[in-house]
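There are 2 protein chains.
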Amino acid sequence: MRLDLGARSYDIHIGKGLLDHLGHQCKDAGLAGKAALVSSPPVNDLYGKTAHRSLQEAGLDVHTFLLPDGEAAKSLSQVETLVSGFADAGMERTDVVIALGGGTIGDTAGFAAATYLRGVSLVQVPTTLLAQVDSAIGGKTGVNLEQGKNLVGAIWQPRFVLCDTDLLSSLPIRDVASGLAEVIKYGLISDPSIIDELAASLQSVLSTPPAVDARLVSRCVQIKSDIVSGDEREGDSRRVLNFGHTFGHALETVTDYGRFLHGEAVALGMMVAMEVSTKVAGIADEDLDPARSLLKQTFPKLSYPYVEFQRLSEAMTRDKKVAEGKSVWVLLQAVGQPVCTEVSSPDVVEGAFEAAKERWASE
Amino acid sequence: MRLDLGARSYDIHIGKGLLDHLGHQCKDAGLAGKAALVSSPPVNDLYGKTAHRSLQEAGLDVHTFLLPDGEAAKSLSQVETLVSGFADAGMERTDVVIALGGGTIGDTAGFAAATYLRGVSLVQVPTTLLAQVDSAIGGKTGVNLEQGKNLVGAIWQPRFVLCDTDLLSSLPIRDVASGLAEVIKYGLISDPSIIDELAASLQSVLSTPPAVDARLVSRCVQIKSDIVSGDEREGDSRRVLNFGHTFGHALETVTDYGRFLHGEAVALGMMVAMEVSTKVAGIADEDLDPARSLLKQTFPKLSYPYVEFQRLSEAMTRDKKVAEGKSVWVLLQAVGQPVCTEVSSPDVVEGAFEAAKERWASE
Numbered sequence: 147m148r149l150d151l152g153a154r155s156y157d158i159h160i161g162k163g164l165l166d167h168l169g170h171q172c173k174d175a176g177l178a179g180k181a182a183l184v185s186s187p188p189v190n191d192l193y194g195k196t197a198h199r200s201l202q203e204a205g206l207d208v209h210t211f212l213l214p215d216g217e218a219a220k221s222l223s224q225v226e227t228l229v230s231g232f233a234d235a236g237m238e239r240t241d242v243v244i245a246l247g248g249g250t251i252g253d254t255a256g257f258a259a260a261t262y263l264r265g266v267s268l269v270q271v272p273t274t275l276l277a278q279v280d281s282a283i284g285g286k287t288g289v290n291l292e293q294g295k296n297l298v299g300a301i302w303q304p305r306f307v308l309c310d311t312d313l314l315s316s317l318p319i320r321d322v323a324s325g326l327a328e329v330i331k332y333g334l335i336s337d338p339s340i341i342d343e344l345a346a347s348l349q350s351v352l353s354t355p356p357a358v359d360a361r362l363v364s365r366c367v368q369i370k371s372d373i374v375s376g377d378e379r380e381g382d383s384r385r386v387l388n389f390g391h392t393f394g395h396a397l398e399t400v401t402d403y404g405r406f407l408h409g410e411a412v413a414l415g416m417m418v419a420m421e422v423s424t425k426v427a428g429i430a431d432e433d434l435d436p437a438r439s440l441l442k443q444t445f446p447k448l449s450y451p452y453v454e455f456q457r458l459s460e461a462m463t464r465d466k467k468v469a470e471g472k473s474v475w476v477l478l479q480a481v482g483q484p485v486c487t488e489v490s491s492p493d494v495v496e497g498a499f500e501a502a503k504e505r506w507a508s509e
Numbered sequence: 147m148r149l150d151l152g153a154r155s156y157d158i159h160i161g162k163g164l165l166d167h168l169g170h171q172c173k174d175a176g177l178a179g180k181a182a183l184v185s186s187p188p189v190n191d192l193y194g195k196t197a198h199r200s201l202q203e204a205g206l207d208v209h210t211f212l213l214p215d216g217e218a219a220k221s222l223s224q225v226e227t228l229v230s231g232f233a234d235a236g237m238e239r240t241d242v243v244i245a246l247g248g249g250t251i252g253d254t255a256g257f258a259a260a261t262y263l264r265g266v267s268l269v270q271v272p273t274t275l276l277a278q279v280d281s282a283i284g285g286k287t288g289v290n291l292e293q294g295k296n297l298v299g300a301i302w303q304p305r306f307v308l309c310d311t312d313l314l315s316s317l318p319i320r321d322v323a324s325g326l327a328e329v330i331k332y333g334l335i336s337d338p339s340i341i342d343e344l345a346a347s348l349q350s351v352l353s354t355p356p357a358v359d360a361r362l363v364s365r366c367v368q369i370k371s372d373i374v375s376g377d378e379r380e381g382d383s384r385r386v387l388n389f390g391h392t393f394g395h396a397l398e399t400v401t402d403y404g405r406f407l408h409g410e411a412v413a414l415g416m417m418v419a420m421e422v423s424t425k426v427a428g429i430a431d432e433d434l435d436p437a438r439s440l441l442k443q444t445f446p447k448l449s450y451p452y453v454e455f456q457r458l459s460e461a462m463t464r465d466k467k468v469a470e471g472k473s474v475w476v477l478l479q480a481v482g483q484p485v486c487t488e489v490s491s492p493d494v495v496e497g498a499f500e501a502a503k504e505r506w507a508s509e
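One line per chain: the protein sequences are A and B, in this order. Its first residue numbered 147, the first sequence is counted upward by one per residue in our numbering. Its first residue numbered 147, the second sequence is counted upward by one per residue in our numbering.
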């Protein structure tokens, strides 16, 4: 699969057992010299050796760098540690950074690659479902500030992305479910058949070990690629990818990023965005039932936090997608037909929040 | 004057008294909302009020941010302070960062603009000769690591550049001379008549207050613009701008950036690059005499540091322009005709260093 961005176009390889071919793919992409292999301790324990061996066999000089697990990786001081390490290893402009891990690794290592020597080559090897279908695709990189998430970063496209679906088999069910929230999002904003098919296979996807079909990943990646290639720097068309995220980010913020995985917050955020859609975008309530039911099955134990709407509302105005003080929501006119709409009335949002909470508790 | 980079093309305004029109130019460029005015305490004392008033009169909501003076500004922790300040001020994607100052302000504020919310609009208002003819043009931004200068950064083009040559009248002579090193560089790599004309007007340029002709600035900016528009990301053609810089950076590194202004190090570096050129690139020794004599007149009190060649050589291999371990020099085949050449023999460089030292001391 190819993401078309003119001179910055690149391939996305999706399939089983691809990690063994990482070095080979680097060579094919013209990458040689030093490779900074960036991962976290748990990911490195599972897949570091395989990646290292593959890169070494392809003639690359591999240097391993470990970031802390989770959001702790996403700080400017971690980026500084990383790029200082690149400098100590004598990395040059022609060398490559390999991000092996979930979204936090891809975001942080990607930003380091975007800025070290004003930009070196980057390869994304996402190891979570969320990263494979979403964060590793499209070039967004960045870290957090105290004031908010992803406030510093760069758009930096990788040379290629390698999605080895075998790596997903080691994921805890909770992480798989978190990734499925984004899968369901693609169904809602682009291809309703994803929702039906996922509903039919949900049990095996959420079993141990999880069985995620490479075709499902491919379909999601295709949707994201098509959107990103039409809009690299987030104008209106890329913005539809944020369906459920405005409210989801607010939920993450008010719970200090400690309670929800990203996909969990997005799932609850999509429930709210669907309610707003019925109020403002004209979609019939029952058209959303299959997606609601699928979300509930995917996240049976999830619940909204006890928090005042006012705090969520404040967190939303902090969101960097706010343009000129206005809150623009991605809504659904129909399943598969998103629309960007300014929602000026806080009452509509508060009402949708209450309705979503009630519905979620009763499903 | 316009720097042609497709969708990222922008205007460079050069002339006297332009700072009064900063706000107006912002408005013309479609910039509105919040403006982060970034400068250093001394620059802010001189020009902050004028810039602030002009922006405010044009309807912008101005927030002032001060970075430390000099290289101390160029760190990731200063960038973090700056972007945190942007977040605290509620700056959004549609807002603008105005870099008012010399190269260090432009580099640091520029990098903050490149990365805050993955990139917001930037306006460069260079206040030194060096920044007006060189660092503010072309989109290079970045900060230093302990391991070296400009090791982290981004290519981020401004929305426009405003070079008010009146601002140069407050510069100390030493800073004017430092900027002239880059002017002389443009003569050597592109337009030999710059050298003759500068030689004729040097006395008034280096008087108090310094009288720098806007036309001289324009000619230099034109040369840099032409080169950058052909090569935004430093392939071979942009690399000619580094004439004298390989050795110059090494001189700055081994003296811990405490002894030389950038232009001073570049002047001494160009003396070495000229010697290497006579050995390797076939230029006749006497063709370089006008430039050498002009450099000596511009920097009458400057001298090479007492330092072993080995340390300079090591610093050069650290330089980020090193590609695959090879040291590529910009040399002159003739005055105005640069060529990029790999110089593999350290003896040639050492010989050139000794010859340049001797010549400089005896001129």
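If you are wondering where the hints come from, they were derived from the structure by calculation, not from laboratory data. Treat the numbers as computed from the prediction; the structure is a model and nothing was measured. There may be inaccurate statements among the hints.
A pair counts as met if it fits within one copy or between any two copies, since identical chains are not told apart.
Below, a list of computed lysine to aspartate or glutamate pairs in the DMTMM-like style, where the Cα atoms sit at most 25 angstroms apart [unchecked claim]:
hint	residue 1	residue 2
1	Lys295	Glu226
2	Lys180	Glu488
3	Lys295	Glu238
Here is how each hint holds up against the structure:
| no. | hint | result |
| --- | --- | --- |
| 1 | Lys295 <-> Glu226 | both (18 angstroms within a copy, 14 angstroms between copies) |
| 2 | Lys180 <-> Glu488 | between (48 angstroms within a copy, 21 angstroms between copies) |
| 3 | Lys295 <-> Glu238 | between (30 angstroms within a copy, 14 angstroms between copies) |
Hint check: no violations occur; every hint is consistent with the structure.
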